[in-house]
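Undergrad: Keeping their order, the protein sequence lines are chains B and C.
Mapping of the first sequence onto our numbering: residues 1 to 414, in sequence order.
Mapping of the second sequence onto our numbering: residues 1 to 414, in sequence order.
For the record, the hints were derived by calculation from the structure and aren't laboratory data.
None of the values given here were measured: they were computed from a predicted structure.
Every residue, glycine too, gets a C-beta built ideally from N, C-alpha and C.
Do not rely on the hints blindly, as some may be mistaken.
Within a straight-line C-alpha distance of at most 30 Å, the following computed DSS-like cross-link-like pairs (lysine-lysine) qualify [unchecked claim]: (1) LYS233/B <-> LYS266/B; (2) LYS5/C <-> LYS5/B; (3) LYS12/B <-> LYS209/B; (4) LYS209/B <-> LYS208/C; (5) LYS12/C <-> LYS209/B; (6) LYS12/B <-> LYS208/C; (7) LYS208/B <-> LYS5/C.
Listed below are several chain B residues computed to face chain C (Cβ distance under 8 Å; list not exhaustive) [claimed, not checked]: (8) GLU10; (9) LEU65; (10) ARG101; (11) GLY377.
Here are some chain B residues pointing at chain C (derived, C-beta under 8 Å) [as the list claims (entries may be wrong)]: (12) HIS390; (13) ILE406; (14) GLY409.
Here's the letter readout for the chains.
2 protein chains.
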Amino acid sequence: MEQVKAQISEAKAASRLLANVGTDAKNRALRSMADALENNVETIFAENAHDIEAGKARELSATLLDRLTLTPERIGNMANGLRDVAGLPDPVGEVLSGSKRPNGLEIQRVRVPLGVIAVIYESRPNVTVDAAGLCLKAGNATILRGGSEAIHSNMILARLMRTAGEANGLPIGSLQFIETTEREAALILMRAEGEIDLLIPRGGDRLKKSIMENATVPVLTSLGGNCHVYIDKSADVEMALAIAYNAKASRPSVCNAMETLLVHDKAACKILLRFGDLLREGGIEVRGCERTMEFIAEAQMATETDWETEFLAPIIAVRIVNSLDEAIAHISRYGTGHSEAIVTQDYAASQRFVNEIDAACVYVNASTRFTDGAEFGMGAEVGISTQKLHARGPVGLAELTTYKTIVRGNGQIR
Amino acid sequence: MEQVKAQISEAKAASRLLANVGTDAKNRALRSMADALENNVETIFAENAHDIEAGKARELSATLLDRLTLTPERIGNMANGLRDVAGLPDPVGEVLSGSKRPNGLEIQRVRVPLGVIAVIYESRPNVTVDAAGLCLKAGNATILRGGSEAIHSNMILARLMRTAGEANGLPIGSLQFIETTEREAALILMRAEGEIDLLIPRGGDRLKKSIMENATVPVLTSLGGNCHVYIDKSADVEMALAIAYNAKASRPSVCNAMETLLVHDKAACKILLRFGDLLREGGIEVRGCERTMEFIAEAQMATETDWETEFLAPIIAVRIVNSLDEAIAHISRYGTGHSEAIVTQDYAASQRFVNEIDAACVYVNASTRFTDGAEFGMGAEVGISTQKLHARGPVGLAELTTYKTIVRGNGQIR
């Protein structure tokens, strides 16, 4: 574990230099990293093969094995992701606000890198590339700790990026990959107060819980997305059906997918008969409240657990409510503060929903599936935060920075 | 402790309503709280007398007893503080950014209250009033937990404010005061995940350490201010003397006071002989490096501990350095990231200092004593944050909020 501690110190030292590396140098480094990945596909495949072999030996599911597998196309996508990040505006140096005070002091709040960002993640190797690219572009030294399933793939990707980056203007040690998969290494990262400025977990509930319990460094996390669409009595039926189906069915496995549909009693008949047909065709299982059964015959009775569950699967919970108030109360109780939508033609209902729902992203007449850095025009993201401190919603480049206040004077004293 | 848990739930429920209370209603409530304090000075004195009596029995120092004592003037200041907060612009509802996407979605990032803010603080009763005023103006339900020394004073202040606030438009339960002084109550606050959105500690190192170790709710804290002034070789001597003396002597007990003076070797003779005289007259004790002794005869030899210490007292550490690099290295090693200043006439040195010092506030040719919400034009503050996440530097109204992303569409799906 001495190695892990040394890597943290090296990252800290690098972060001081990296904060003042210019935009051009950072972009050059990112592009050379992209090239390095594409120029070394065979080396990457060889390492990836070790992970796939080990995965088969451990009898990982086909889905997990597929996630693990790197193809020329996937490597190309990772490389292009880095080039996209190179093309994004540099957040560092942005003047967030400023004023000249009556005493002549010139005060500016300027965006600066956080310092050292550690990312602890599971399975998919593309996180190695995506997270490192964004953290580095925002001027941060980066420490990556991936899951054991992808250890060989992650190691070669990180090594290629580090070498290319350091050969092209990044300070030595700006990118660190933790090679040991022992649990203690993660604990050291979680408790490196004063050295790690931000810890981002990307993975399942177990990882997040461990970080909640153990971390003393600042954390940016997501509690997942138990997202809702509420169809108001005044909703346009076609629009409501399109949004609800898209929010559930376009990609059920992601955090911005809808898990529970709430329908106003007065819209239930118009909506649910046809929505039931759509779900049936889409092969989506329904867990409904008692009244839902009148419209969707094959629905199972929903339990309390169903309202609480982020299915991340082709399963939907459906509940008929008697009012907007009931919808808001349901969402306040079961929602995780990720993305919530109302479909309505009633202006007052839209305003109440927008103001009273306490979530990162609140939609009127659009699918929850738009909660995404690129869709919001922020560029790439390292994830969606459901916390309220620092960053809420998509975590893009700006959210990977902090600010300092610069005060220039000519001898002012107080 | 059931009472504490009930208070947290009550605050959470109130926060949902409070988020949509308008600016006028909040300001009316704040002004009526101010009036309530001034109209009940006798009641406040009676309660305050219990605390003073208990303090004397516990043999508190004269300084601590003085801090505890409420006078008509101090109550007037607290009331006027509330009126000042009422006069500040409401941060809630500010549109931080917004755009219309190519698909027609209208996306806005809007400032909203955090929800429930808990403040754990020690001794001075004015924190009860100041913190509650700011948190409430920013639309947050507020839970106060004061120190045992001021429990009677805090209780009556909080009760008067709560009654006046609820009589004037604040939801029932918006302001909670924890009446038990048992340690377990603080622990419940620290671990009220999902109910308390932000915990702000105001007090000594022991309190902060306990929160660092125990809190699972988000925390906004300050590691204190081990602040430095560096006098560059090119500094204007008169300006340097004025800034250094002001930064140390104007109020040694506060976090933005300088603790260590760094002087470039080439400026040492011009500066330190005269600065030594100033310190002597001001009754300020000097702990110097070996070379400092040549100029300030009565200086004691500084130890490693002195460079690390936030004296908060009429004591100063002084060190002669050979270069700007050495000054930056000293500050990077010993600074707490609060406020750091350079005095220089050299443009390049000023730019390097501003860019390379990693602190909440970085000064060129001005005293560190300006780190303060009011001095920065932010209005009142609940403290100075030295953390990098969420808020860095003075924590004013805006820093007591978060944002949500509101997306308005007309049927967009993905």
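Undergrad: Work down the list of hints and note, for each, if the structure agrees.
TA: Hint by hint, here is what the structure shows:
Distance hint between LYS233/B and LYS266/B is fulfilled; the C-alpha atoms sit about 5 Å from each other, no more than 30 Å. Taken as a hint, the LYS5/C and LYS5/B pair is broken in the structure, with Cα atoms around 40 Å apart against an allowance of 30 Å. Proximity of LYS12/B to LYS209/B is assessed by CA-CA distance (about 26 Å); at most 30 Å being required, the pair is judged to hold. About 23 Å separates the Cα atoms of LYS209/B and LYS208/C, which keeps this hinted pair within 30 Å; it holds.
Only pairs whose Cα atoms come within 30 Å are accepted, and LYS12/C paired with LYS209/B is accepted, the gap being roughly 23 Å. The suggested pairing of LYS12/B with LYS208/C holds, with an alpha-carbon distance near 24 Å, which does not exceed 30 Å. For the proposed pair LYS208/B and LYS5/C, the alpha carbon gap of about 25 Å is at most 30 Å, so the pair holds. Here the hint on GLU10/B is broken, as its CB sits about 15 Å from the closest CB of chain C, past 8 Å.
About 28 Å separates the beta-carbon of LEU65/B from the nearest beta-carbon of chain C, more than 8 Å, and the hint is not met. The restraint placing ARG101/B at the interface with chain C holds, with a minimum CB-CB distance near 6 Å, inside the 8 Å limit. With a least beta-carbon distance of about 6 Å to chain C, the hint placing GLY377/B at the interface is held under the 8 Å criterion. Contact between HIS390/B and chain C, as hinted, is supported at the beta carbon level, the nearest pair being about 4 Å apart and thus within 8 Å.
The interface hint given for ILE406/B is met, as the beta carbon of that residue sits about 5 Å from the closest beta carbon of chain C, less than 8 Å. Residue-level restraint check for GLY409/B holds (minimum Cβ-Cβ distance to chain C is 3 Å; threshold 8 Å).
Taken one by one, the earlier hints fail for this structure at numbers 2, 8, 9, listed in ascending order.
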